[in-house]
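Colleague: Letter by letter, the chains look like this.
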Amino acid sequence: MKCYRLFIPYSRWRDAHPIVHSQKYHRRRRVCRLISKTLSKMALSSVLQSESADFSFNNDRSFSFGCRFGQTDLGFGAAPGDRLNFAIKASLGPDDKDGPERKIEFLHGTTTLAFKFQHGVIVAVDSRATAGAYIASQTVKKVIEINPYLLGTMAGGAADCSFWERLLARQCRVYELRNKERISVAAASKLLANMVYQYKGMGLSMGTMVCGWDKRGPGLYYVDSEGNRVCGDLFAVGSGSMYAYGVVDSGLRQDLSVEEACELGRRAIYQATYRDAYSGGQVNLYHVHSEGWTRVSQEDVLKLHHQYQEPKK
Amino acid sequence: TMFATQVYGDNGKMKEYHYTGPVEHRFSPYSFNGGTVLAVAGEDFAIVASDTRLSEGYSIHSRDSPKCYKLTDTTVIGCSGFHGDCLTLTKIIDARLKMYKHSNNKCMTSGAIAAMLSTILYGRRFFPYYVYNIIGGLDEEGKGAVYSFDPVGSYQRDTYKAGGSASAMLQPLLDNQIGFKNMEGVQHLPLSQEKAVQLVKDVFISAAERDVYTGDALRICIVTKDGIKEETVPLRKD
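Here the protein sequences come in this chain order: A and B. Per the working numbering, residue 1 is the first one in the first sequence, and the count goes up by one each step. Per the working numbering, residue 1001 is the first one in the second sequence, and the count goes up by one each step.
So here's chain A without its partners, still in its complex pose (with noise of 0.2 angstroms):
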């Protein structure tokens, strides 16, 4: 519909004049969104299809059957969420009945946690997966190596946490040889949420913290699969995070040595999983200072045990 020079204003002559599209002309724009939208997870195939030239991840399938993401049925006596994961979810994706409505909330099965003190960042991680009720595994590596100054702690699904974290590191090195210096904390902590952002809404479950040192001081991010990601001093991530959060608040001060904050984080994963079911294993813990990360320690939960309440008899 043409518009020619007109006597009255343009929104009186719109309204007059309604533009009707054709079936085929919706068809297309149906299309072209669908292309879109699998175009945008570039993230994701172009790291899977470097490799493997035929062995396309194809979007399209996982529509053809009628499975929504997170909804796929596992067959004859597999439950929904029956994967490894550090996580119980309260259900696998949205059922029929809730529609687009969803738990905000979701169960983390772990205890993870970081805070800043004067002598740079501490991290405490315990090392259990569950698989629903089954403890899959008891020495699961929590805390992921980025790179010699930055770590990064895993909370939610084991596969979506590793996975993304390992594409991080990736993004690290291309950072450092394009730019010649070390990314900063706010940096790697930024293009962690933004790759994650991509895929909001689509049932991954991913609660890390990015900890390093850069040329600003000790850095400590919490990003997360909702989009979340905020800087701040103290955090606990997960199911027993409650727990931790009591231990630490009470003796957390910054005048603390690293003996004292060590003990500090060591103490608090261990009540949390003392506490909270789907914590337990180890106790790991890593040490971020100016030169880089240490690990500091590693303690099973039954030695910690004895050794803190043997006193008390």
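No wet-lab data here; the hints were simulated from the structure. It is possible that some hints are incorrect.
Stated by the list, open to error - The list that follows gives simulated cross-link-like pairs (lysine to any residue, SDA-like), each with its CA atoms no further than 20 angstroms apart:
no.: 1; chain 1: A; residue 1: Lys141; chain 2: A; residue 2: Arg267
no.: 2; chain 1: B; residue 1: Lys1181; chain 2: A; residue 2: Tyr134
no.: 3; chain 1: A; residue 1: Lys303; chain 2: B; residue 2: Lys1181
no.: 4; chain 1: A; residue 1: Lys200; chain 2: B; residue 2: Arg1124
no.: 5; chain 1: A; residue 1: Lys141; chain 2: B; residue 2: Gln1187
no.: 6; chain 1: B; residue 1: Lys1181; chain 2: A; residue 2: Val301
no.: 7; chain 1: A; residue 1: Lys141; chain 2: B; residue 2: Gly1111
no.: 8; chain 1: A; residue 1: Lys303; chain 2: B; residue 2: Gln1187
no.: 9; chain 1: B; residue 1: Lys1181; chain 2: A; residue 2: Arg267
no.: 10; chain 1: B; residue 1: Lys1181; chain 2: A; residue 2: Lys215
no.: 11; chain 1: A; residue 1: Lys141; chain 2: B; residue 2: Thr1119
no.: 12; chain 1: A; residue 1: Lys303; chain 2: B; residue 2: Asn1176
no.: 13; chain 1: A; residue 1: Lys215; chain 2: A; residue 2: His289
no.: 14; chain 1: A; residue 1: Lys303; chain 2: B; residue 2: Met1183
no.: 15; chain 1: B; residue 1: Lys1181; chain 2: A; residue 2: Ile135
no.: 16; chain 1: B; residue 1: Lys1181; chain 2: A; residue 2: His305
no.: 17; chain 1: A; residue 1: Lys141; chain 2: B; residue 2: Met1116
Predicted model only: the values in this text are computed from it and were never measured.
Following the hints, complete the assembly by docking chain B onto the known chain A.
Modeller: Below, chain B alone, put in the same frame as chain A:
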């Protein structure tokens, strides 16, 4: 060819065998074919064992369908879960191994295969391969290595792992006998190859007693620097 249907009652829950009202059938692309896989890593050897029963629902499709697949001279993979995805996944892994061999002029090491499998599985994050994988083999130093996976690609290196339908029954037994967990005042002796093979046989005999999807026969692949040796042991057929 079989296609599985999930039978839902009007309250959304799975219905039992008897018919009590209108049911809604829904096509499921997955089916569960059973099977148990086990891998143990020793000082200079690795053992991958699986039963050979292929079932679906209440039927047994085959009594001779082993779930261990040889990848290279030093690596064996055990896959259990949905048989269709197991077959496709092993085909994809074989092809990727060939591609690597042609590009890099050497065979993939066990650790590299594990890392590659993790990305292959994660590539289908939103429509997963319904397969529980365990890789057993020798690492670059010649020591035994076991890598266990979940259906979407999370993996870690272990000393021993059980996967598949009877995994929850076998894993605690292995924790006790190989990991010496929950035992006080016991000497931690290293595991010899003969003892490991005998332990694997005993463990599968126990699994066949109590798990309906495990039985018929046991296939053991022993990986050493001299190659891969296969052994078959009969199990309960009921």
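Colleague: Hints first: check each against the structure and report whether it holds.
Modeller: Going through the hints against the structure:
no., hint, in the structure
1, A:Lys141 - A:Arg267, "holds, 19 angstroms"
2, B:Lys1181 - A:Tyr134, "holds, 17 angstroms"
3, A:Lys303 - B:Lys1181, "holds, 13 angstroms"
4, A:Lys200 - B:Arg1124, "holds, 17 angstroms"
5, A:Lys141 - B:Gln1187, "violated, 27 angstroms"
6, B:Lys1181 - A:Val301, "holds, 14 angstroms"
7, A:Lys141 - B:Gly1111, "holds, 16 angstroms"
8, A:Lys303 - B:Gln1187, "holds, 18 angstroms"
9, B:Lys1181 - A:Arg267, "violated, 24 angstroms"
10, B:Lys1181 - A:Lys215, "violated, 46 angstroms"
11, A:Lys141 - B:Thr1119, "holds, 18 angstroms"
12, A:Lys303 - B:Asn1176, "holds, 18 angstroms"
13, A:Lys215 - A:His289, "holds, 12 angstroms"
14, A:Lys303 - B:Met1183, "holds, 14 angstroms"
15, B:Lys1181 - A:Ile135, "holds, 15 angstroms"
16, B:Lys1181 - A:His305, "holds, 16 angstroms"
17, A:Lys141 - B:Met1116, "holds, 19 angstroms"
In terms of the numbered hints stated before, the structure departs from hints 5, 9, 10, listed from lowest to highest.
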